[in-house]
Amino acid sequence: MIRFILLQNRQGKTRLAKYYIPLEESEKHKVEYEVHRLVVNRDPKYTNFVEFRTHKVIYRRYAGLFFSMCVDITDNELAYLECIHLFVEILDHFFSNVCELDLVFNFHKVYLILDEFILAGEIQETSKRAIIERMGELEKQE
Amino acid sequence: MNPFSSGTRLRDMIRAIRACKTAAEERAVVRKECAAIRSAISENDQDYRHRNIAKLMFIHMLGYPTHFGQMECLKLIAASGFPEKRIGYLGLMLLLDERQEVLMLVTNSLKQDLNHSNQYIVGLALCALGNICSAEMARDLAPEVERLLLTRDPNIKKKAALCSIRIIRKVPDLAENFLSPAASLLKEKHHGVLIAGVQLCTDLCKVSVDASNYLRKNCTEGLVRILRDISNSPYAPEYDIAGITDPFLHIRLLRLMRMLGQGDSDTSEYINDILAQVASKTESNKNAGNAILYECVETIMGIEATSGLRVLAINILGRFLSNRDNNIRYVALNMLMKAVAVDSQAVQRHRTTILECVKDSDASIRKRALELVFLLVNDTNAKPLTKELIDYLEVSDQDFKGDLTAKICLIVEKFSQEKKWYIDQMFKVLSLGGNFVKDDAWHALIVAISNAPDLQGYSVRSLYKAFQTSSEQVSLVRVTVWCIGEYGEMLVNNVGVLEVEEPMTVTESDAVDVLEACLTRYSSDIATRSMSLIALLKLSSRFPPTSERIKEIITVHKGSVALELQQRAIEFNSIIQRHQNIKSSLVERMPVLDESAYIGKRTSSSQANIVADKSSQPSSTATTLKFPNGVAKPPAAPLVDLLDLSADDTSVPSSTSNDFLHDLLGIGLTNSPSSGIAPSGGTDILMDLLSIGTPVQNDTASKVVSSNQGFAPTTKPVPTTIQVMDLLDGLPSNGSLPGSQTPVYPSITAFESSTLKIMFSFTKQPEKPHVNKIHATFVNLSSDAYTDFVFQAAVPKFVQLHLDPASSNQLPASGNGTITQTLTVTNSQHGQKALAMRVRMVYKVNNQEKSEQGQIDNFPPGL
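So the protein lines, in turn, are chains A and B.
If you count the first sequence from 1, position 90 lands on 91 in our numbering, and the numbers rise without skipping.
If you count the second sequence from 1, position 212 lands on 233 in our numbering, and the numbers rise without skipping.
Just so you know, not all the hints are guaranteed correct.
What the hints assert, rightly or not - 25 Å max Cα-Cα, derived DSS-like pairs, lysine-lysine:
1. K19(A) <-> K96(B)
2. K110(A) <-> K96(B)
3. K359(B) <-> K428(B)
As the list claims (entries may be wrong) - Okay, the calculated beta carbon distance ranges per label pair:
4. R861(B) <-> R130(A): 46 to 56 Å
5. Q419(B) <-> R130(A): 46 to 56 Å
6. R130(A) <-> E122(B): 39 to 49 Å
7. R38(A) <-> E569(B): 56 to 66 Å
8. N472(B) <-> T55(A): 31 to 41 Å
9. N868(B) <-> T55(A): 21 to 31 Å
10. H791(B) <-> K141(A): 48 to 58 Å
Hints in this document: simulated from the structure, not taken from any laboratory.
For each residue, glycine too, the CB sits at the ideal point set by N, CA and C.
When you get a sec, could you build the whole thing from the sequences and use the hints?
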């Protein structure tokens with residue numbers, strides 16, 4: 002199961018943080034700091050997996066943004082790598098050519114997309130089209 | 022009205038924050054915003070409520086406290102419109118979590134929304150429930166979720182399925198209610214519902230055996246069909262990833278099949294074909310395909326697969342291992358570790374490739390590969406593998422050397438068939454990575470050398486040589502110093518030269534040079550220097566010509582700023598000056614250290630350290646504690662051994678310190694019966710050497726003692742006694758030591774049956790009365806050894822329990838050894854309620870699982 006998902010820029014500013022397990026606020030900040038430190042200096046040739054405490058972090062870098070998912074040690078790393086990519090594709094499609102600023106100003110929409118993609122730490126929907134359509138319907142509700 | 026689209030203040034606030042050049046400016050902006058939001062809250066402003074919460078979420082993401090907005094989220098959720106509810110739920114998930122009591126207030130709103138006629142609102146509620154539901158909420162709302170699993174809308178259905186996962190993770194008892202709806206989800210066509218349903222079934226299998234039996238019987242066929250359909254399906258644009266239809270669903274299905282096929286040969290046989298098809302047909306040129314293959318291999322390894330299928334799986338891993346992509350190699354190593362248990366021969370074939378991975382530049386790969394290599398070592402390949410690893414140690418990264426040396430030490434200890442090989446390998450490790458070698462590894466080496474009389478000369482000469490080139494490696498230096506102190510004359514006289522050795526000449530003063538260098542070098546720490554002083558004292562008796570020089574070196578350190586060194590120097594100086602007649606017997610070579618006793622001690626030593634640290638805290642005598650001033654032998658653990666050995670076999674009497682003195686003295690006297698020293702004089706010197714807080718009754722203090730008192734560590738008698746006793750007998754009597762402030766609790770027999778006995782002893786820090794440390798000791802009363810011993814404990818709600826790892830999971834028969842384990846118990850109602858505990862012990866006797874349980878109510882009062 003996914004423990005948490007982080008979206009951070011190179012400076013370590015958190016652009017999205019979704020926790021599927023209960024953590025203290027101070028602990029969350031510590032986690033965000035540590036994960037950023039772990040991933041930011043890794044050579045791009047290295048694996049996209051780093052062990053983090055008793056779990057592992059699967060991360061992927063897109064331009065200046067790091068998408069990190071902390072998953073159980075027994076989970077399929079390659080699948081979550083693919084999962085990150087699918088999420089980015091959905092964002093890209095939704096914002097048409099997504100950039101960091103889109104995510105900053107529309108952070109609440111990013112959360113909404115994520116909630117349609119992943120729920121309770123598990124993948125909810127694998128079709129890009131279904132999620133984009135669902136987002137359209139939700140926006141109509143506003 | 023929409024707070025986001027109309028270019029209003031959320032955007033402005035984000036802009037303002039982004040425009041800040043310094044952290045201070047940002048804080049000012051945030052403070053201003055927070056103040057405005059607070060006042061809006063206190064005025065109960067409804068129009069801007071959702072905008073305010075949206076702002077708070079952004080502020081929260083920047084890391085500022087936002088707890089004051091929590092109640093506002095609840096108000097938004099209770100509002101009627103979708104936009105308000107949407108922000109309310111979002112805020113709920115971000116600003117709160119399941120442990121906050123506020124959350125209980127939302128249960129009712131959630132219940133209403135789960136029953137709402139607007140499917141989007143139901144979706145919001147399900148989403149919130151799935152992400153932050155607590156055990157209480159799970160119980161309250163499970164019926165609603167169950168009902169929603171049966172609705173027709175796939176969007177609701179998949180959310181409800183994932184929500185159910187959260188519910189049964191929180192409350193496993195509810196699993197059976199979800200079983201039949203979960204099974205019917207597997208008949209769906211919609212991928213979202215399917216993937217959620219499959220995941221729900223997997224989680225049901227995890228919590229309930231009944232569920233896995235049910236699903237095995239009713240769903241295996243359906244699962245195979247789904248997997249066959251999607252893996253044969255032609256191009257499906259909606260779910261296509263790199264030419265594969267929905268790899269995520271593939272993976273979930275394979276995982277559920279693994280759960281069902283585990284230990285069940287019928288199911289395994291049934292899914293055999295489809296696994297073979299997936300394993301052989303899936304394209305492996307893209308990540309998505311590899312992810313499926315990886316999962317498929319894991320399933321093949323996990324079930325009762327045919328040997329042909331296993332070969333197929335190992336071959337896939339072999340292909341992965343030679344892949345250029347690091348990610349693929351990483352997962353291959355990961356999986357091979359599991360494969361070792363299944364088919365070790367097949368994994369051995371890839372040994373060379375794996376060994377290359379140990380040298381990879383990526384730390385993740387290195388770590389995995391090293392663990393795998395460790396699993397692959399056996400008697401036949403231990404030598405070449407060790408050589409490879411040691412060669413790599415020379416060039417490896419600094420941060421990897423710790424892991425690497427630890428593993429090499431374990432390998433050479435475990436697989437050494439001849440002592441010389443072990444000693445040689447350890448010397449190499451010490452010379453290359455001596456700064457990373459753990460204490461117990463080099464202690465074990467010293468014990469081994471002490472037990473190999475024919476290799477002592479060889480060892481000390483090799484160490485002398487190694488020291489010339491690698492004198493910066495701490496543990497190499499320590500072992501060298503110890504060996505020169507003990508076997509210095511073998512170095513100089515070339516005793517016991519082996520054929521392989523090159524002849525060398527070392528003079529007595531060369532040996533002293535080494536020790537002096539260790540003593541005076543800046544990089545040496547106090548422990549090394551202390552050891553050097555002892556070694557020098559020993560040499561002064563073995564090499565009479567150098568004794569003048571040694572005396573000078575020691576004299577210099579009489580003024581050392583390090584208390585430990587100063588004390589030793591003064592003591593040794595007086596031995597040299599005043600007690601020449603007993604010196605030679607004092608500095609006799611160490612008796613052979615008992616290897617088996619040392620290994621036994623090693624397992625329990627971690628425990629002893631904890632106890633020693635604890636008792637030393639109030640008295641702040643950590644320095645003396647770390648370096649027991651034994652003339653006998655520097656490293657702490659062997660010293661304990663020595664004392665235990667010389668003590669009688671009966672349990673150590675209460676006046677331990679005196680007994681210990683007699684013992685040491687006994688050794689001294691029997692060795693030199695003619696030296697004619699009055700026992701009392703000897704006692705004083707020894708006591709002094711050992712810096713035991715002199716018991717008051719012993720008034721016959723000699724000049725040595727009195728001259729020393731000025732410099733002696735200013736410890737109070739009581740703590741010193743504790744510390745000495747710790748050193749002497751490590752474990753047993755600690756619980757009942759007469760500490761000055763610490764209340765004392767009697768040890769209890771917590772559990773006793775015909776086969777097993779558990780004793781508890783207690784310690785507590787006076788400043789934390791509600792925290793108890795319990796040292797549990799397990800004794801096997803039966804005549805069969807227990808393996809895989811696990812101790813479990815449950816406590817009432819007002820008590821918190823933390824279990825440290827046990828000293829071992831093997832419990833020898835008939836009380837021939839014990840397992841110890843430390844429990845930290847925090848009684849939040851200290852003084853009001855007494856402790857109680859339920860315990861369960863699970864172990865294997867002759868590979869038969871057994872368990873025992875019991876309740877402990879006889880805790881001493883006041884815990």
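For a C-alpha distance cap of 25 Å, please report whether K19(A) and K96(B) respect it. 22 Å, holds
Within 56 to 66 Å or not, the Cβ separation of R38(A) and E569(B)? 57 Å Cβ-Cβ, so the 56 to 66 Å window holds.
Are N868(B) and T55(A) spaced within 21 to 31 Å by their CB atoms? 29 Å, holds
Taking the Cβ atom of H791(B) and the Cβ atom of K141(A), is their distance within the range 48 to 58 Å? Cβ of H791(B) to Cβ of K141(A): about 57 Å, so the range 48 to 58 Å holds.
That 46 to 56 Å hint for R861(B) and R130(A) (C-beta), does it hold up? Taking Cβ atoms as reference, R861(B) and R130(A) lie about 52 Å apart, which means the hint holds.
Against the 25 Å threshold, does the CA-CA distance of K110(A) and K96(B) hold or violate the hint? 21 Å, holds
Within 39 to 49 Å or not, the Cβ separation of R130(A) and E122(B)? With Cβ atoms ~42 Å apart, the hint holds.
Do the beta carbons of Q419(B) and R130(A) sit within 46 to 56 Å of each other? 50 Å, holds
Assuming the hint says 31 to 41 Å, is it satisfied by the Cβ distance from N472(B) to T55(A) or not? Since the Cβ atoms of N472(B) and T55(A) sit about 39 Å apart, the hinted range of 31 to 41 Å holds.
Quick one, are K359(B) and K428(B) close enough, alpha carbons at most 25 Å? 19 Å, holds
The structure is consistent with each of the numbered hints, conforming to all of them.
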